[in-house]
Amino acid sequence: MTYILVLEQILNGLQLGVMLFLMAAGLTLVFGVMGLINLAHGSLYMVGAFAAAAVAGWTGSFLLALAASLAAAAAAGALMELVVIRRLYRRDHLDQVLATFALILIFSEGTRWLFGSFPLFLDVPAYLSGPVSLPGGIEYPLYRLTIILIGLAIAAGLFLLIARTRIGIQIRAGEADREMIAALGVDISKLYTLVFALGAALAGLAGALVGAIQSVQVGMGEPVLILAFVVIVIGGIGSIKGALAGALLVGMTDTLGGVFLPQLFTLFMDPASAASAGASLASMLIYILMAAILLVRPSGLYGGSA
Amino acid sequence: MMLTRESLLNWAMIAALLIVPLAAWSLDEPFIITLATKAAILALAGVGLNIALGLGGLISLGHAAFFGIGGYAMGILAAHAQNYEPLFEWPILFEGSNQMPLIWLVAVVFSALAALVIGALSLRTSGVYFIMITLAFGQMLYYFAISWSAYGGEDGLSIWVRNDFPGLNTLDPIQFFAIAYVILCLALVFAARLARSPFGLALAAARQNEDRVQAVGLTPFTLRLTAFVISGAITGLAGALFADLNRFVSPTMLSWHTSGEIMIFVILGGVGRLYGPVAGAALYIMLEHLLGGISDYWQIFLGVLLLLIVLFARGGLIGAIAGREKAHG
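Line by line, the protein sequences give chains A and B.
Counting with our numbering, you get residues 61 to 366 for the letters of the first sequence.
Counting with our numbering, you get residues 30 to 358 for the letters of the second sequence.
Since the hints were derived computationally from the structure, they do not count as laboratory data.
One should not assume that every hint holds.
As the list claims (entries may be wrong) - Per the computed footprint, the stretches of chain A lying under chain B, defined by three or more beta-carbons under 8 Å from a beta-carbon of chain B, are:
1. 154-160
2. 169-178
3. 289-301
4. 334-340
5. 349-356
Unchecked claim - With the Cβ distance kept under 7 Å, some of the chain B side facing chain A (calculated, not the full set):
6. I88
7. R153
8. T154
9. V157
10. M161
11. A165
12. Q168
13. M169
14. Y172
15. S176
16. W177
17. S178
18. G289
19. I296
20. Y326
21. L335
From the three backbone atoms N, C-alpha and C, an ideal C-beta is built for every residue, glycine too.
Here chain B stands alone, though its shape is the one from the complex:
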C-alpha cells in the first residue's frame, strides 16, 4: 500500500483517537474519555452515512431515523429487562435484554429493515426529491416516537445501568471506549473493503454514470438500495452505542437536526474520504467542547465554519491537509 499524505493522516487520526483517551485514563480524566467515546460513536454513524453519501452519492437527510431506531432498540430491550416486564410471551417468553451483542443485533436488523422500506420508496426518485423524502420519512418516525407513550413519548427512556458486554465492565469509561473504538475500526475496515469490492466499484460507477452502469447489465436501483441498507444498519449500530453511552434515548435522536449533524461530520472531514467522518466527528466534539465553553451560542460559529467549508474548502479537513487528489468520492 502506497503511503500517501492522506493515508499517513488517517493513521495519525485513528492513533490519536486511541492515544488521547489512554492518556486521559492514566491521568484519571474520565470526562475526556467520554468525549473520545462520543467522537468514536458519532464517527461510526458518519461512516455509515458515508457509504450512502460518499460512495453512492445518495444525499440522505433521514439518517437520524436509523440512528434513532438503534437507540430505541437499546432503550426498549433494556427497559423491559430492568423492569422485568416481558417484551412478548409468544412464541417464547422474552424479557428484553441487557446484553450488548444482542442489542446490537436487534439494532442492526431493525435499522436495516427500516432502511430497506424507506430506501425502496425514496430511491424511486432522485435528486432533490430524494433529499426531501428521506427527510420526511425521518420526521415521520420522529413524530411517531413522540406520540408513542408506551416508551416515554416526548420524554424519552432512561436506563439505570449501562448494558453488559461479556467479560468487560462497561461502566468503566475506558472499557466502554474500547468497545466503541474497536467497532469503529472494524467498520472502517469494512467500508474500505466495500469501496474496493466489485459491489463498491459498481456503486461508485452508478453515481458517476448511471446509463453506462445500466448498459453493462447492472441495476443502479438494486446497488443503491443495498448501499442504503448497509449504510442504515451501521448508523443504527452507532445509535445503539450512543444511547448506551448516555443511558438515555429520546425522540431527539430521530430529529432531522441529528441527520444534519451526522452529515456535518462527514462534510467537516471531507466527503467521500474513508476517514472523513473520524476527522469530522472529532473536530465537531472539540468545537462543541471548546466553543461551548466560550459561548452558549456556539452553533453560530459552527454554522459559519460549515458555510465557509462548503463555499471555499470543499475537501473538508482532510482535503485541506492532504490535498485534493484521491478522494474516493
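Bound conformation, chain A alone:
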C-alpha cells in the first residue's frame, strides 16, 4: 500500500463529502428554519440529474446542463413548497414524513413514466475528462477534482450568504424566532419558499455533478438522502457548520473504510473471508460512527437541544 493510494482515497472521500454537504445543507436549512423533515429531498437530487442529462442530450453543453439542473430543481422545489410543503409546517412530524414519502412515490413514478426505467448517461465533457497531475506525483481525475472545488466554493458561498447577507440574517432570525421576524415585517412565506428552493437547487446540482460519474436513474436520490440524514444527525440538525463537518466525516469514513477495512482484515484472516467480512463491516461503518457519536452527544456535534 503506497501513500499515493491513501491520498487518492482521501480525495475520493473529500469528493463524496462535499457532495453530501450539498444535499445535507438544504435538508438542515429547511429543518432549521421551517422545522420540517423532508424525505423528498432525494427526489430533487434526481430531478437535477435528469434535467442535466436531458439538456446535455439536446444541446451537448455541460454548462447548460448544470444550469438546467439548478433551475429545474429550484423550480420543482418551489412548486413542491407552494403546493404541498407549506401546508405541513404546522403539522407534526408524522404528517411531514408521510406527505413527503407520498411526494417521493409521485416524483419517482412520474420520472419513470417520462424517461423510462433505463438509466440515462451524462458524459463528462472533454475539457474535464482525463487525469491531472497533482503535487506529490498523484494522478487524479480532473472531473472529480473539479467537483471537489465546486463543492468547497459553494460551501464557502453558503457560509458567506448566511453570515453576511440580508437574506442570511433573515434565515438565521427565522431559525431563532419565527413569530418575531414576521412581526418585524419580513414576508415569512416568501422566505420559506426561497429557502426551500435554495436547498432544492443545491440538491439538484449535486445530482447533476454526481450523475456524470454514476448513471442517472430513478431512485438515485434515496441512498444519498439517507447518507445526508446520517450527516445531519452527526452534525446536529439545523447547523450548516455541523452539516459540513458531518459530510466530510461520513465521506471519509465511507470511502476509506470501504478500501482499507478489507485490507486490514487480511492481517488476521484468509483473503477471501477478509474481503467479505471487511466489505460487510465497511457497509455498516458510517452507521456505527453515527451510533457512537449519538452515545456521546445525542444532539449531534454542533446541535443545540434536539
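Starting from the structure of chain A, add chain B where the hints point.
What follows is chain B alone, placed relative to chain A:
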C-alpha cells in the same frame, strides 16, 4: 362493550377478511386467497408498528429492519434445513429447521433483540432525530444484507417448499391463510388488551405529557423501549410469515421503502386505531391489484391518495367512515 360505529366497522372488516378468501376457496380462486393472505400478513406488520406509532407516538421509519430480520430468520433456518448443512455444531448439532413454530420463535427473539439495541440507541433522542436514526439503522441492516454473500447477498434466498406447521398442509393456500389470519386475530386481541393495560395507559400518557408521567414516578424511556421491542417483535413475526408466503427473502424486505409501506398501512386505515392496519393493508392490496392492472405507474395514484389523506382526511379510512371520535391514538 358498547357497539360504536367504529367497533361495528372493525367486526365487519375482520369478517370480510375471512369471508372473501373462503368464498374464493369455494369458487376455486387461489389467487384471491393469496392476496387475502398477503393482506393479513401486512396488516400484522402494521399492528406491530401501530404499537410504537399509534400508542407510543414513536415515528419509526426503520421497521423494515424487524420485518426483514423475521424474513431472514425464516430464510436462513429453512435454507440450512433444505441443504442439510448444519447451522452450527456446537454446543449441539443444529441443522436449521422447516418447522414454522420454531422459525417464528427465532424471528420474534431476534427482531426483539434488534429492536432492543436500535431502540435503546434511538430513544436517547426524540422528534426528528428519532425518525432519521431509525431510518439509518434500518438502512444499515439493508446494506449489511446486500453485502452478506453467505445468504444470497443482493439476490436473496429462495426456499423450494413452504415450511411445515404440525397438522396442516401449508402448501394449500386456504390453510396457510388460516394460519396468518389466526395470528393476526391473536395480535389484534393482544394489542387491544395492551392498550387498556396499565402499561398501555402509561405509554399513551408518556406520549401525551412526558413530564407528568415522570412526575408520577414512571420512566418514559423504559415504557417506550418496551413498546418498541414488542412492536419490533410483532413486525418480525409478520416478516417470517411474509417470507414464507413468497418462499423468498431478499434485502428488499429491509429497504426503507418497506418501512414506508408499513407506515402507509397504518395511515391509510387511520393512525392510532386498533384495526387501522387491517383496513389499510386491505386497501393497499386492493389498490395494488386494481390500479396495478390499469397502469404500471400505479404508485403515482397511491402517492396522490396518500397525500390527500394526510392533508385533508387525517383519520384515514376508519376515521372517514366512523367519524373522528374515539381513536385511541
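Each hint, compared with the structure:
1. Look at the stretch 154-160 of chain A against chain B: 5 of its residues bring a Cβ nearer than 8 Å to a Cβ of that chain, three or more, so the hint holds.
2. Residues of the stretch 169-178 of chain A lying with their CB closer than 8 Å to a CB of chain B number 4, which satisfies the three-residue condition for coverage.
3. Note: the stretch 289-301 of chain A has 5 residues with beta-carbon separation from chain B under 8 Å; the three-residue rule is met and the coverage holds.
4. Three residues within the 8 Å Cβ limit are the bar, and the stretch 334-340 of chain A against chain B gives 3, so the coverage statement holds.
5. Beta-carbon proximity to chain B at under 8 Å applies to 4 residues in the stretch 349-356 of chain A; the threshold of 3 is reached and the given coverage holds.
6. A hinted interface residue such as I88(B) counts as satisfied when its beta carbon comes closer than 7 Å to some beta carbon of chain A; here the least separation is about 5 Å, so the hint holds.
7. The criterion of a C-beta within 7 Å of any C-beta in chain A is met by R153(B), whose closest approach is roughly 5 Å, and the hint holds.
8. Residue-level restraint check for T154(B) holds (minimum Cβ-Cβ distance to chain A is 5 Å; threshold 7 Å).
9. Annotation: V157(B) was flagged as interfacial toward chain A, and the flag holds, the nearest CB pair being 5 Å apart, inside 7 Å.
10. Proximity of M161(B) to chain A holds as hinted, the smallest CB-CB distance being about 4 Å (cut-off 7 Å).
11. With its C-beta approaching chain A no nearer than about 5 Å, A165(B) sits inside the 7 Å limit, and its interface hint holds.
12. For Q168(B), the shortest C-beta to C-beta distance to chain A is roughly 5 Å, which falls under 7 Å, so the interface hint holds.
13. Among the interface hints, the one on M169(B) holds; its C-beta lies about 4 Å from the nearest C-beta in chain A, closer than the 7 Å criterion.
14. At its closest, the beta carbon of Y172(B) sits 4 Å from a beta carbon of chain A; the interface hint therefore holds under the 7 Å criterion.
15. Hint status for S176(B): holds, given a least beta-carbon distance of 5 Å to chain A, under 7 Å.
16. With a cut of 7 Å, the hint placing W177(B) at the interface with chain A holds, because the nearest CB-to-CB distance is about 6 Å.
17. For the restraint placing S178(B) at the interface with chain A, the shortest Cβ-Cβ distance is roughly 6 Å, inside the 7 Å limit, so the hint holds.
18. The interface hint given for G289(B) holds, since its Cβ lies 5 Å from the closest Cβ of chain A, which is under the 7 Å cut-off.
19. For I296(B), the shortest C-beta to C-beta distance to chain A is roughly 6 Å, which falls under 7 Å, so the interface hint holds.
20. The criterion of a C-beta within 7 Å of any C-beta in chain A is met by Y326(B), whose closest approach is roughly 5 Å, and the hint holds.
21. Of the supplied interface hints, the one on L335(B) holds, with its beta-carbon coming within about 4 Å of a beta-carbon of chain A, less than 7 Å.
Violated hints for the displayed structure: none, as all numbered hints are satisfied.
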